[in-house]
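Enquirer: Let the hints inform the model, and build the full structure from the sequences given.
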Amino acid sequence: MDGEEEPGWEVDPDDDWGVAVVATVGRQLRLRREASGMRAADFGRAVGYGEDMVYKVESGKRIPRPEYLDKADRVLQAGGLLAAMKEDVEKVRYPKKVRELAELEARAVEYGAYVGLSVHGLLQTPEHARALFEVSQSAYTEAELERLVAARMARKAIFERSPAPALSFVQEEVTLRRQVGGTMVWRQQLEHLLGVAQLRNVTVQVMPTDSGAHPGLSGKIEVLKLGDGTVVGRSDGAYNGRPISDPKQLRILELRFSTIRAQALSPKESLAFIEHLLGET
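The sequence shown lines up with residues 1 to 281 when you count with my numbering.
Taking lysine-lysine pairs in the BS3-like style, the calculated list, with each CA pair at most 25 Å apart, reads: (1) K86 x K156; (2) K61 x K71; (3) K156 x K91; (4) K71 x K91; (5) K220 x K248; (6) K156 x K220; (7) K225 x K156; (8) K71 x K86; (9) K91 x K61; (10) K248 x K225; (11) K61 x K86; (12) K91 x K225; (13) K268 x K156; (14) K220 x K268.
Hints in this document: simulated from the structure, not taken from any laboratory.
Expert: Written out as structure tokens, the structure reads:
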């Protein structure tokens, strides 16, 4: 089937949980197919994929896409049992580190972040994210690029949660002026920022380049307050970038983030600044 030769992505061998999930799903697919008396080649034609891809999915070497499981469920008359595995498979599709970050974000009732080098991942458009990955000198394949962009976009589910968490972002001015992906992608990114910034639970502030020194110059800062009262923080420039929950260390990160917010433009001024940037082109 043209354009659908690859029904999913390769499994990360270092992701133990992911490997186990994909192996289990593949085994269930194979058992169902064999029980129905259908050969792999015939099954592949029925779901629109090649025989080789069917064997890769069944052997746990390939992560099936949700639509692959839907088609398999119908063809094998599984009564929804195969399609029901989509939830776990959906999680496995994204890299382990992204899943761990998304799980923290999914539990946050308050989230604050300062970013100095690029637009925050939760604020990026797909086109902007893709442009950043393309220039990273990592020689990603098209499938890898697709996976990375999809993983970043999946994290944006935080904006759809109810009750909505309080989200606060501080962006360095340079991250908004840099035309990542070209003029059109850049303008779309700024327009998206304006839209997000007007959500009732979201605050976006801009740190002007001429504001002088501030505590964020050593790197990105994130502070997450979870529903159970737990607080988790992380900073590129402190504690080796690892998530921390020690009260003393957290007080330092919270103080740094509060100072950054105080030095940045107010939310109203920041909206006006972004609108001004858009008006310059």
